[in-house]
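4 protein chains.
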Amino acid sequence: MSPDQRSLAERTYPSPAPVQAPVPLAALAEGRILGHEGVGTVLQLGSAVRNFKVGDRVIISCVSSCGVCSYCRSGNPSHCLADEGASGLGWILGYLIDGTQAEMVRIPFADTSLVALPEEVPDSSAILLSDIFSTGFEIGVQYGRVKPGDAVAVVGAGPVGLSVMATASLYGAAQIIAIDLDDNRLDLAKQIGATHCINSGASDWKEQVFALTDGYGVDVAIEAVGVPATFEMCTQLVRPGGNVANVGVHGKAVMLELQKLWIKNINISMGLVNMTTLEMLLKLVKQEKLPVDRFVTHRFTFDEVMSAYETFGNAAETGALKVLISR
Amino acid sequence: MSPDQRSLAERTYPSPAPVQAPVPLAALAEGRILGHEGVGTVLQLGSAVRNFKVGDRVIISCVSSCGVCSYCRSGNPSHCLADEGASGLGWILGYLIDGTQAEMVRIPFADTSLVALPEEVPDSSAILLSDIFSTGFEIGVQYGRVKPGDAVAVVGAGPVGLSVMATASLYGAAQIIAIDLDDNRLDLAKQIGATHCINSGASDWKEQVFALTDGYGVDVAIEAVGVPATFEMCTQLVRPGGNVANVGVHGKAVMLELQKLWIKNINISMGLVNMTTLEMLLKLVKQEKLPVDRFVTHRFTFDEVMSAYETFGNAAETGALKVLISR
Amino acid sequence: MSPDQRSLAERTYPSPAPVQAPVPLAALAEGRILGHEGVGTVLQLGSAVRNFKVGDRVIISCVSSCGVCSYCRSGNPSHCLADEGASGLGWILGYLIDGTQAEMVRIPFADTSLVALPEEVPDSSAILLSDIFSTGFEIGVQYGRVKPGDAVAVVGAGPVGLSVMATASLYGAAQIIAIDLDDNRLDLAKQIGATHCINSGASDWKEQVFALTDGYGVDVAIEAVGVPATFEMCTQLVRPGGNVANVGVHGKAVMLELQKLWIKNINISMGLVNMTTLEMLLKLVKQEKLPVDRFVTHRFTFDEVMSAYETFGNAAETGALKVLISR
Amino acid sequence: MSPDQRSLAERTYPSPAPVQAPVPLAALAEGRILGHEGVGTVLQLGSAVRNFKVGDRVIISCVSSCGVCSYCRSGNPSHCLADEGASGLGWILGYLIDGTQAEMVRIPFADTSLVALPEEVPDSSAILLSDIFSTGFEIGVQYGRVKPGDAVAVVGAGPVGLSVMATASLYGAAQIIAIDLDDNRLDLAKQIGATHCINSGASDWKEQVFALTDGYGVDVAIEAVGVPATFEMCTQLVRPGGNVANVGVHGKAVMLELQKLWIKNINISMGLVNMTTLEMLLKLVKQEKLPVDRFVTHRFTFDEVMSAYETFGNAAETGALKVLISR
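Residue numbers (our numbering), protein chains in the order written: chain A, 336 to 662; chain B, 336 to 662; chain C, 336 to 662; chain D, 336 to 662.
Treat the hints as calculated values from the structure; they're not laboratory data. Because the structure is a prediction, the values reported are computed rather than measured. Careful, some of the hints might be misleading.
Any copy, or any two copies together, can satisfy a pair, since identical chains are not distinguished.
In the EDC-like style, the derived pairs of lysine to aspartate or glutamate whose C-alpha atoms are separated by at most 20 Å in a straight line are [as the list claims (entries may be wrong)]:
1) LYS388 with ASP418
2) LYS618 with ASP549
3) LYS621 with ASP549
4) LYS388 with GLU419
5) LYS587 with GLU567
6) LYS525 with GLU623
7) LYS595 with GLU567
8) LYS621 with GLU454
9) LYS525 with GLU639
10) LYS621 with GLU365
11) LYS388 with GLU639
12) LYS587 with ASP518
13) LYS618 with GLU455
14) LYS618 with GLU639
15) LYS621 with GLU455
16) LYS541 with GLU455
17) LYS618 with ASP628
18) LYS482 with ASP628
19) LYS587 with ASP549
20) LYS541 with ASP518
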């Protein structure tokens, strides 16, 4: 699950949201610079930075973390306890501190919040690892416990849902079933790794999934929209013993039908990306094993940032998936 | 999660419940013999039985299974597909076929639905493995992913909740926090393995848990009652990155506050016991490593079965935990 | 690790070998029919068989198992305790009982030793799952704990080594480095999934591997030959914290340099295939996700069986990889 | 596996040993202060230290690590790549840099190489977590994959072997079988958690183990001496599908009988402790769930350090297990 799924436009006025449990809700400060994804070059170093030098090319992790606190050490840097002002770390870029939609950005705890970017990987590929591929893989594929031979349904073929589809084969999924209302997105899904596509506008979308999976449903159902209806679709699609992984950012409570589901031995996961797999995913990008080059559909300079927002805001018309802003 | 948690009295008129996904709901047939737990002696063998002989002492698994279908082979015999009449197997004893509250009972697929009982283990210990210890361990401790050093809260100190507490140390829990409204049950919890007891009638029950756990909440919160209120207690008690395991049998849907929880990286599990750990637990009982002898509080003969039901039905007064009926 | 790796010619006079620990060594009985791989049609059923009917197309597992004993239930059917004559089961086909190089073969415990074969999968693909793909995947990839992003070296590009390479991507290997003396085999390796090929005749084979892996060596080194020299190559190639998986059938003891290796935090695995992944691999074959069609290089009828042996015996000249014998 | 197992006397003249693969062998520098275990109070802080302040009570990890490099982040800080002089980190205390047998010691990368010690835990308990309990648990119990119900044999009842026995129940071992030549050590083993003790001087030591384990051997055999004979004992004791964990520091190569073992599906692990469980073990010590108070048998001041060495050197006579030196 990733902050990325709120559209850029929405992010201009985010609703107050908790970064982590012990931290009180925070509204976006007036004038805050947005953006939590980015690729750049190191211009200046803090005194405690050991692993980077001026001029290094880097990927910015959307989650900042100290590497030392109990949450970082137990694999949950998205709940990092190190303080940056009044809060802990985690997702703070473009939210509690100024973000990446700017010519320069300060990254706290750089040793653990940046990753060195090798020359052969272009910016437009690396940017995908800054949030959405990591989110799709960690919160969708890993939390969903995808394993070799699995049938996996992904409800929602937006950028993060597509990232799930693009990484599900890293654990050997046999079937990757893309479900969305938009046929253009479904076409893209197929190019990116989906083995089957189902338009959820069809009255028999559920029967289609069951027909593909011997009548028992999928091993893993992954929610990548963030609304109650798609969550419920997932609990209906999952077979006994299977997993439901929430990747979508939810704004409302959902009904969980425990009276029906308790006996199904299913598992429901959710979360903010920890970015612990960024370096690993970069190895796969270097070997050209991930279809990162299909995601950036539009490029703009900083001068054109308003056009960038407009293009992204009208994704249905423009076909925008990820919009790259550079100097 | 276990069928056991419905009281015996309730089980006389069970509400229609699905055994597994593909099977239509079934009402309890008129005259059905109840009971899914039992210890006994083999009197007669079906022609396909290879591993038992007449006279063998056995524990009856509350889940019947074939050992061969895809669900059995993938560790989910509670969803066994082998047919016994119109249904699959799984929990069918005392529900879809006649059960164990009788002098004799037929056990289908005996090779995979019975476990040989060594002489040194008495009936009153072995009976706990027929359902509740396996349920507490598999659906509470294993599904809850308890690991060494964890703080574990168990909401509900009935027989199954106590079984969770008695087995949480098998994965090295550091703190086992029993939460219940009944101080007698909490006393028992302490004898059985709880390190801390909290009466949930206190207005500060939640603060007490947080005070015990550095202010972040427990690693694993285990629901062992089966109502919405206790499920919500669990989602409040669990720390970021933690697990909520439902062991209770739920009769109603619950509200799942995904808008607050998505960012907490928690995991929610549920299920019917698979009984795959019965033989393992028996090894621990043989080594006297589990407090099974604390659970049978009353003993009756078949002649006294109505008194048994009465005693169990008034558990609050009689202090009944498990009631043993024998010849 | 698989019995398959001894060449067919060798198998005519196999050296005495233990099937499992408690069983005394057995020499091959005079007149024993060889062969432990096969695809066929059910002609006749034993009285206890529930899941197959006459006419069903099936894959024969090279490991026979009961599905019920403690080894079968704990995921180790290669050490099945059920008796078939004086021994347990496991690898007995073509060794302790007559095997598959015949028009008909009896398969004990058919429900757990055969897998139904769907119409759309041809014999020449299915036969690979009867032993070598399962062996490569279970004993190489799974025992070697390959995980997404890993660098994997496979020493030996024979049929089983190639099966390792063909399945390593099921856990997301980033680099699959094939190492062999034969350039033809290395060419084939590349077609089947290897990302890099190194001829171990080169004096700098080791430096080449280290150059590909940042100077630390591979995450997983897989031995697929079965001699001490290749085992030692693997312990040299593995990085600290990595895994060495033996897939080769070894005929001699090896020196294990614990005085150097203890501090490297490595793990060494070995074993006979359990065939627990056969059905899962079949799902992947149905989705055309495994390159099974590259393995059968020659086809013969039973009349030509001596030519088949000759072709396979001269693999270096004939390029034989797997030789299919059919009616 | 832990540097601790070399006796203090031996450590005065250690043989050259690699810290990690890429580092050339190093001899102990003239005048090096020995000692890699310790508990103390922070006197002074380096400029980059964030998480400690002067006056804090701390446990010193025997492994120093940066928390940031790829080895630290993948759970292998014993192979930390951060440089301290010419080497990486890992086990450098009392070896490549001055150690803890002194009134004061400098700890590099304090944030990740020290753990805060709560007031209620006495020095004599905390010191056990500085190396040996972590070693026994990580390299013995975790690498050996001990799981609930397992039969575990520990060959060698020295301090680290006893630490294995004291922590094997954290994963629910049913049987913990202590094997040693010294009956006094075996007595102690029983007090610390062993369920059975076998003197390996008996000609039937192996038969005794098999009699305790249904004739198949143990699930996990843990080597805690460091010589070829005890390694071979372990490969003989382990059942098919089981694990051999080396905790001992080996000085010689061993013969690994792959020609017999390949078909047994066993796993062999080894390694230097990573200290990733120190904080977790401390939680268990706070709950009085580990028998740490049984290990310190003698106490000395720094003035008496020669007597301390003598006492430890004659452990057979003095019964010394761990010797505490304090101001």
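Status of the hints after comparison with the structure:
{"no.": "1", "hint": "LYS388 with ASP418", "result": "between (24 Å within a copy, 16 Å between copies)"}
{"no.": "2", "hint": "LYS618 with ASP549", "result": "between (36 Å within a copy, 11 Å between copies)"}
{"no.": "3", "hint": "LYS621 with ASP549", "result": "between (37 Å within a copy, 13 Å between copies)"}
{"no.": "4", "hint": "LYS388 with GLU419", "result": "between (22 Å within a copy, 19 Å between copies)"}
{"no.": "5", "hint": "LYS587 with GLU567", "result": "both (13 Å within a copy, 16 Å between copies)"}
{"no.": "6", "hint": "LYS525 with GLU623", "result": "both (18 Å within a copy, 15 Å between copies)"}
{"no.": "7", "hint": "LYS595 with GLU567", "result": "both (12 Å within a copy, 18 Å between copies)"}
{"no.": "8", "hint": "LYS621 with GLU454", "result": "within (10 Å within a copy, 39 Å between copies)"}
{"no.": "9", "hint": "LYS525 with GLU639", "result": "neither (31 Å within a copy, 45 Å between copies)"}
{"no.": "10", "hint": "LYS621 with GLU365", "result": "neither (40 Å within a copy, 46 Å between copies)"}
{"no.": "11", "hint": "LYS388 with GLU639", "result": "neither (31 Å within a copy, 49 Å between copies)"}
{"no.": "12", "hint": "LYS587 with ASP518", "result": "neither (27 Å within a copy, 37 Å between copies)"}
{"no.": "13", "hint": "LYS618 with GLU455", "result": "within (11 Å within a copy, 36 Å between copies)"}
{"no.": "14", "hint": "LYS618 with GLU639", "result": "neither (33 Å within a copy, 49 Å between copies)"}
{"no.": "15", "hint": "LYS621 with GLU455", "result": "within (7 Å within a copy, 36 Å between copies)"}
{"no.": "16", "hint": "LYS541 with GLU455", "result": "neither (43 Å within a copy, 25 Å between copies)"}
{"no.": "17", "hint": "LYS618 with ASP628", "result": "within (15 Å within a copy, 29 Å between copies)"}
{"no.": "18", "hint": "LYS482 with ASP628", "result": "neither (25 Å within a copy, 23 Å between copies)"}
{"no.": "19", "hint": "LYS587 with ASP549", "result": "neither (33 Å within a copy, 29 Å between copies)"}
{"no.": "20", "hint": "LYS541 with ASP518", "result": "within (17 Å within a copy, 48 Å between copies)"}
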